[in-house]
Every structure is written in structure tokens, then in C-alpha cells.
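Throw the hints in and build the complete structure from the sequences for me.
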Amino acid sequence: MAEPHDELLNRAINELRTLPPLDQGAVSRIVDAAARSRDAGAAEDLDFGEPRRGRFFRLPAVIGIAVAAAIVGFVAGVQLLGARFFDPTDSRRTAVGRAVESTLVKPAALVPPNVDAALTSTQFVFKSRVAHRVTLVGDFNDWDATATPMTRESGGALWWVNIPLSAGRHVYAFMVDDTLMLTDPDAPETKDPDFGVKGSVVIVGKP
Amino acid sequence: MMSRMHRVPRLAAATMKSLVVMVLVAASVTRQAGAQAAVQQATDLETRLAQRLDAETHASVMKVVDSARVQQLPVEPIVSKALLGATFRQPSAVITQSVNVVFQRLVASRDALAPTPTPGDIRAGAEAIALGVPSKTIRDLRSTFPDRSMVVPLAVLGELVANKVPVDRAVGMVRELMRRGASENQLVAFSEKVRDDISKGTSPSEAIATRIQGLIAILPTAPAVNVDAANVNGAGFQNADGRKKP
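In order, the protein sequences belong to chains Z and U. Residue numbers for the first sequence follow my numbering, so the first one is 1 and each next one is one higher. Residue numbers for the second sequence follow my numbering, so the first one is 1 and each next one is one higher.
Be aware that a few hints might be false.
[Stated by the list, open to error] Each pair of labels, with its calculated beta carbon distance range:
#1 Z/178 with U/221: 24 to 32 Å
#2 Z/191 with U/136: 50 to 58 Å
#3 Z/72 with U/48: 36 to 44 Å
#4 U/22 with Z/196: 53 to 61 Å
#5 Z/147 with U/104: 23 to 31 Å
[Said to hold, decoys possible] In silico BS3-like cross-links for lysine-lysine, where the CA-CA straight-line distance does not exceed 27 Å:
#6 Z/127 with Z/191
#7 Z/198 with U/164
#8 Z/198 with Z/127
#9 U/193 with Z/127
FYI, nobody ran anything at the bench for these hints, they're computed from the structure. Backbone N, C-alpha and C define an ideal beta-carbon position, used for all residues, glycine too.
This is how it looks when you write it as C-alpha cells:
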């Protein structure tokens, strides 16, 4: 059974339940705003153009830098290690009484890709029991009598030195006791076409 | 889903951008290092010359060195010649004249070995010219082997000519050996053996004829024979199988 105040309450409830008139403009504004938001998001996903400030360090960019660094590191590593450990030109020649050659290869990253870059370690030997000091001079050391001193075999008559030489023809001589310049008796002799001075010849091959 | 698919091209683009940046930075650093090395090298060269030459000779040699630099020729042969002259106490005028001759040989060698000789090629060509090999011979040899380094072949050729082997015979031998794929070391060994034979009294023609037979026997048959090779074979050389070439 309903009481009098219930009737009052029911009337208030019915009054509140009455909807206000629909604002079509407001609905349109909400729908438009949602559509704009959706379109903007899609466009952002498809945008591969110039990045805006602050986007560069997003995840794809960081991964991209890492991948690029890995590629660069791999290429550099192959160049350096490949030249040092896997060079097929690393040959060694040994011969008694003549120039002994072995190949030195500069790291590929430090020199242009030029076959002339390879140097061959060449041994020069001179025999003398009476000499006190022997040096090697030639077109490879500016004919400088102080540049390439030779080492005396302990207690013996052999003087030797190893130096890296580029491929081609080289002219050299031995400077004995800082005064006497001698050619190599075990090598061919040549005469300089301009000054007429004598020297010895070594032709260094390529590995 | 769509978003993940969009990340792939974005990743590729970022990788490419990073690669480009790294390559540009590396190129810039390398170029700068190269320029510094060139400056250092020029300074070292000046010092080396100044320490061994008097002021007048130094100035005249540096003019030649600068001319060589302008023409992008290797300067080491000029420096070496000047210092050889200083070692043997040659007069200033003689040193100056000699370095000018070296310069002219370098120009002739560069022209004969055109279009893209290496500094080593140019140096070897200039030495060969100094030993009596004509520029035309060098040009012909280069045209036969446009892509091969000429450093060792020209050194061997010059040495053969210096040992009194006639130029035509010497170049015919070298060309034939190169055509058959002889290695640089085989060329050097061939030259050494010929030289040893000559020093023991064998005539240059006989020495070269004997030694080339031994080397050709272990090399594959040449892919083609031209007039010069025919001249070589006219001296009695045989193929590896023992048959005389036509």
C-alpha cells in the first residue's frame, strides 16, 4: 500500500526521468571529434616522412642504429681480420746466401686497395771478419748510412738485417766502418745511369 | 596488427639513416686523416732533403718535387736520386740535372702507362726507361695487359735489358711469360737465373733461351699468340708438350 509521501516521491522521480530535448549539434561535435582523432592516428602510422623532434629515439630508431652499427662493425672486422689472418698472399721464401723474403701485409683499412701495398721482408747479408760496423744503404732508406745498421752474428763474420721492401727493383750497397761503400758480391751489380756510381740490385716480387 | 606492419619500414628507414650517417662520419674522418698524413709526409720529405742538401741544391730539388706533385707523380724517385747524389758528394748542378731527368722519365712513364697507372707502376716504368727500355715498348706492354700491375714485369724487363738482352727479345719473353700466367715471383726467378748465367759467361741470348724453356714447360699454354710471341718461339722455344710452336 502506497503512502502519501510515496506519491510525492514518485512524482519527483517521474519529473527527473523526463529527458531534456536532444542537442543534435552536440552529438555532431562529439562524432566529428572522434573521427578526427581516429584519422590522425592512422595518418601518424603511415607517416614515413621527416620525423618530428623527439621521435628519433623511439624504439625502431634505436634498433635501426644498432643494426647499422652491427653492419659497420662486421664490415670493418672482416676487413681488418681478413687482411691479417686470412690473406692468401702471405708467402715466405727462404734461401741460403741470398735475400730472404717474407711478406708483410698492412691492415687493409689503413691502405688503399692497391696490390703495391704489400711489403716483403727481405734479408741482406754481408760477410766481413774485420769490419767494426756495417750498415745497409739504398734507395729504400735515402742512402742514409745511419738508418739501417746491420747486426753481426755472434763471434762470426756474417752481418745481417731484415727490412720490409715494396715490390720492384731496388739498388743498395753496404757501408763499412762509415767510410767504405761496397756492393754485394752475391747480387748483380748496376751502375746508376745518372751519377755512374755502382750498386747492387735486388728485385722483390709480389706474394 | 597494422601498427606492427608499419614498424618494419620504419625500422628499415632508421637503419638506412644510421648507416648513411655512419658512412659520412667515417668518410669525413678518413679524409681528414689522409690530408693530415699528406701534410706530414710533405714536411718529412722537406726535412729529409734539407738535412742532406745545401740550400741551393735543396731549393732546386724542391722545385722539381713541387712540379711532380702538381702532375701527381710519385716524388720518392726524385728524392732518392737527390740523396744518392748527396751521398756521393755530387755537385749541385749535377744533382739538379739528374732530378730533372728523373722527372722527365716519370712523365714519360706515366704517359706510357696511361690511363690509370699506380705510383709503383710509374716508378717501375721510369726505372725501366733509365735502363734503356723505350717508352713505346712500355706502352705496348701496357696495352697488352691493361689491368695487370706492371711493377715487377717492368723491373724484370729493365734488368734483362741492363744485362744486354736485346729489348725486343726481352719484352717478347716477358710478354709471353705474362700471357701464360707466370707469377711475379716466377718472373723474378727467371730474371735471376738469366742474370746468373750471363755472369758465368753465357751469352744473353743463350741464357734467356735456356731459362725460358724451363719456365714455359711448367706454365699453361698461352691463350693466344701474337707477332712478338712468334718471335720468341722463332728462337726455338717449345710448348710444354715438347712440340715446337708454328
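Structure-based check of each hint:
1. Z/178 with U/221: 24 to 32 Å: violated, 55 Å
2. Z/191 with U/136: 50 to 58 Å: Given a distance of about 24 Å, which is not inside 50 to 58 Å, the answer is violated.
3. Z/72 with U/48: 36 to 44 Å: Cβ of residue 72 of chain Z to Cβ of residue 48 of chain U: about 38 Å, so the range 36 to 44 Å holds.
4. U/22 with Z/196: 53 to 61 Å: Given range 53 to 61 Å: holds, Cβ gap about 56 Å.
5. Z/147 with U/104: 23 to 31 Å: holds, 28 Å
6. Z/127 with Z/191: Distance ~22 Å between residue 127 of chain Z and residue 191 of chain Z Cα, so the pair holds.
7. Z/198 with U/164: holds, 17 Å
8. Z/198 with Z/127: holds, 19 Å
9. U/193 with Z/127: Cα-Cα ~23 Å, so holds.
When each numbered hint is compared with the structure, violations occur for hints 1 and 2.
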